[in-house]
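We have chain A; now place chain B onto it with these hints.
Here the protein sequences line up with chains A and B, keeping their order.
Letter by letter, the first sequence follows residues 1 to 344 of my numbering.
Letter by letter, the second sequence follows residues 1 to 303 of my numbering.
Honestly, the hints are just simulated from the structure, not real lab data.
Ideal placement from N, C-alpha and C gives every residue a C-beta, glycine not left out.
Some clues are possibly wrong.
Said to hold, decoys possible - Just some of the chain B residues that point at chain A, by a computed CB distance under 8 Å: (1) 113; (2) 115; (3) 285.
As the list claims (entries may be wrong) - Part of the chain B face toward chain A, derived, beta carbon under 8 Å: (4) 49; (5) 114; (6) 125; (7) 292.
Stated by the list, open to error - Covered by chain A, per the in silico footprint, the following chain B stretches (three or more residues, Cβ under 8 Å): (8) 98-105; (9) 266-275.
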Amino acid sequence: MNKKFILYAVLLAFSVAAPFLFPNYQTQLATLWLMIIVALTWDMTGGQMGYNSLGNIFFYGTGMYVCAVITIGLYYDVGEWTNASRTEIFTFSDRQYFTGMVLGILGAGLFCAASAYFIGMLTFGLRGPYFAIGTLGVAIAAGEIVSNIEWLGGGQGVSMPIYNGDFDTFKTLIYFEYAILGVGLFVFLNWLYKTRFGAAINAIRDDEEKAEAMGIHTLRYKLVTWAMSAFFVGAAGAISAFQLIHFEPLETAYQTINLGIFMVVCVLLGGKGTLWGPVIGAIMFQVFKETTWNYFLGWQWVALGALIVIVVVFFQDGLMGWLRLKRPEWFGVKVEQKTSEAGA
Amino acid sequence: MDEILFNISLLIDYPIVNLKIIIDGVMIGALFALAAYGLALVWGVMNVKNLAQGDFVIAGGYVALMLSKAGINPLFGVPLAFVVMWGIGWVIYKVIITRVIERDLFTSLLATFGLAIMMAQLMNLMFGSDAQSVNLGYDTLRFADGIIDVPIAKLIGVGMAAVLAIAVVLFMKRSRMGQAIRATAQDARAARVLGIDTEKVYAFTFGLNAAICGAAGAIIVMIWVIQPFYGIGYSVRAFVIVTAAGLGNLPGVIAAGLGFGAAEQYGAHIFGDGYKQAIAVILLLLVLFFRLLQQRRNRQVLK
Numbered sequence: 001m002n003k004k005f006i007l008y009a010v011l012l013a014f015s016v017a018a019p020f021l022f023p024n025y026q027t028q029l030a031t032l033w034l035m036i037i038v039a040l041t042w043d044m045t046g047g048q049m050g051y052n053s054l055g056n057i058f059f060y061g062t063g064m065y066v067c068a069v070i071t072i073g074l075y076y077d078v079g080e081w082t083n084a085s086r087t088e089i090f091t092f093s094d095r096q097y098f099t100g101m102v103l104g105i106l107g108a109g110l111f112c113a114a115s116a117y118f119i120g121m122l123t124f125g126l127r128g129p130y131f132a133i134g135t136l137g138v139a140i141a142a143g144e145i146v147s148n149i150e151w152l153g154g155g156q157g158v159s160m161p162i163y164n165g166d167f168d169t170f171k172t173l174i175y176f177e178y179a180i181l182g183v184g185l186f187v188f189l190n191w192l193y194k195t196r197f198g199a200a201i202n203a204i205r206d207d208e209e210k211a212e213a214m215g216i217h218t219l220r221y222k223l224v225t226w227a228m229s230a231f232f233v234g235a236a237g238a239i240s241a242f243q244l245i246h247f248e249p250l251e252t253a254y255q256t257i258n259l260g261i262f263m264v265v266c267v268l269l270g271g272k273g274t275l276w277g278p279v280i281g282a283i284m285f286q287v288f289k290e291t292t293w294n295y296f297l298g299w300q301w302v303a304l305g306a307l308i309v310i311v312v313v314f315f316q317d318g319l320m321g322w323l324r325l326k327r328p329e330w331f332g333v334k335v336e337q338k339t340s341e342a343g344a
Numbered sequence: 001m002d003e004i005l006f007n008i009s010l011l012i013d014y015p016i017v018n019l020k021i022i023i024d025g026v027m028i029g030a031l032f033a034l035a036a037y038g039l040a041l042v043w044g045v046m047n048v049k050n051l052a053q054g055d056f057v058i059a060g061g062y063v064a065l066m067l068s069k070a071g072i073n074p075l076f077g078v079p080l081a082f083v084v085m086w087g088i089g090w091v092i093y094k095v096i097i098t099r100v101i102e103r104d105l106f107t108s109l110l111a112t113f114g115l116a117i118m119m120a121q122l123m124n125l126m127f128g129s130d131a132q133s134v135n136l137g138y139d140t141l142r143f144a145d146g147i148i149d150v151p152i153a154k155l156i157g158v159g160m161a162a163v164l165a166i167a168v169v170l171f172m173k174r175s176r177m178g179q180a181i182r183a184t185a186q187d188a189r190a191a192r193v194l195g196i197d198t199e200k201v202y203a204f205t206f207g208l209n210a211a212i213c214g215a216a217g218a219i220i221v222m223i224w225v226i227q228p229f230y231g232i233g234y235s236v237r238a239f240v241i242v243t244a245a246g247l248g249n250l251p252g253v254i255a256a257g258l259g260f261g262a263a264e265q266y267g268a269h270i271f272g273d274g275y276k277q278a279i280a281v282i283l284l285l286l287v288l289f290f291r292l293l294q295q296r297r298n299r300q301v302l303k
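Only chain A is shown next, with the shape it has when bound in the complex:
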């Protein structure tokens, strides 16, 4: 127990020190936290509850837009802002910027949680692959609809207010916003998975009919889980909106084939249904992406598709699943008799 505490303390200290130790990689480190957040939230429904959503990116994009509307709408008219033809100058004082930022991130999270609750009422009747296709449909449709709304900047997207201070401070600020959200999410899930609630959603994954027969109100559990995961994705999307400064509906906000599928790949790489799996998977994926991306010379997307296929077909249990098979005692699994399956 003590060992575990030291491990967590070291990791936390490293997270705090990282942006100062590697100042040139702050953007990549911030993106790493984003990947960890979306992977952990995807695992809440995909790994722990057995509902594989392909549309969680919907909350990321919606978080961006809600945050933009709140932050801008506090001080200016949103329609005028998005249609501004560079002749009018809108400025944000520091005080306005930070008020907008805090309210925007919180508002985005809450709005996404609420929308997950309502969308979930419709989509959670769908089982298995239908749920995946249905949620993917929600994300694609949302992107297409938003890119047709002029008030939200149409296909051009929205520009966020710009921080007045210097750029390095801004990057550190964004890093710590992600880091705080990520650590908060991890601590929250660490607690949540040990409670009765965690046991209930695992029961839904293992056998939904039986769980229902045992008196678990499955729909309510599913909705609350999805809403919680949507809160964190929405807040992460809101931070991304500030980080990117300008975002477009199809390429950045509702990016179904980039981040929307990355999060699933991260979880599968690390291991579904474990707490550390998504974190490790996100780190593996991000390191792979950042180190190899530039060497593919335009073929990186083809390589990404190939990576998805390879991971899904050959390595679906991920690192944690593989470790669990090799070292069951690390996971508190007692192997009473060495059978051929356990040894394989």
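Frame of chain A; chain B shown alone:
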């Protein structure tokens, strides 16, 4: 909002516009129905939900496009795309699909999603991201004072789609292989017991699916445009149609395809072309929820 009301009132005041929309929709729908039939085949026989369906369509289109660039009449692209895409489908089956058949459904969905990304990006690298098409140079027939215009190329395309559909139906009904495919779809284990090489049947079915999609794509490139990233739209449409029609029901798939094409054209007319993709996806969601309500009637839960 005013625009939407105006578009609706246009439909009521000039009934002939309705006819035009329905004709356009049915023509598009015939090609959607082909892609959807391929999906229904693969889904029904080996229980694989293929999200790369649309990318097979686009790949077939590029085969025909290359042929016409080589100076050969693009109409020959339809059989060529059929053959080439059969080969590609067979290779994809042997490399990927055969390993996911026995796994849970999400695996096949995600694997084919990865495949879809890979194919779209490959085509983007090979052919560029511009929307391209082949011009056959045929006339356009006009009816009702020019409100209804039917290009002869479209008629030829729809005719070829119909021929292909009939050929596939006859093949499934009459040939030995067609019987084996239907037997495998009903009960793979029993089929194996009775001496059918199901592995061969699966490979054949997947190849046939890719070939049907490829031929549909070769027709599409002659009458509309193709672009490397249009694939996902066709995949979504194929899913809508199959989910609405059910599996193993070819008349249903064709009817749903034609109806879907018309519904999409109506939507595009009322809300504007920009919403076309969104309308297709929303129709998918509506179909899924409608199915859900149907099931709910049979399902009883303690509250």
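Here is what the structure says about each hint:
A distance limit of 8 Å between C-beta atoms decides the matter here; for residue 113(B) the minimum to chain A is near 7 Å, and the interface restraint holds. A distance limit of 8 Å between C-beta atoms decides the matter here; for residue 115(B) the minimum to chain A is near 6 Å, and the interface restraint holds. The beta carbon of residue 285(B) comes within 5 Å of a beta carbon in chain A, closer than 8 Å, and the hint placing it at the interface holds. Against a cut-off of 8 Å between C-beta atoms, the interface hint on residue 49(B) holds, since the closest Cβ of chain A lies about 5 Å away.
Among the interface hints, the one on residue 114(B) holds; its C-beta lies about 3 Å from the nearest C-beta in chain A, closer than the 8 Å criterion. Because the closest C-beta pair between residue 125(B) and chain A is about 6 Å apart, less than 8 Å, the hint holds. Using the Cβ-Cβ criterion of 8 Å, the hint placing residue 292(B) at the interface with chain A is satisfied: the shortest such distance is roughly 4 Å. Residue count for the stretch 98-105 of chain B with a Cβ under 8 Å from a Cβ of chain A: 5. That meets the three needed, and the coverage hint holds.
Residues of the stretch 266-275 of chain B lying with their CB closer than 8 Å to a CB of chain A number 3, which satisfies the three-residue condition for coverage.
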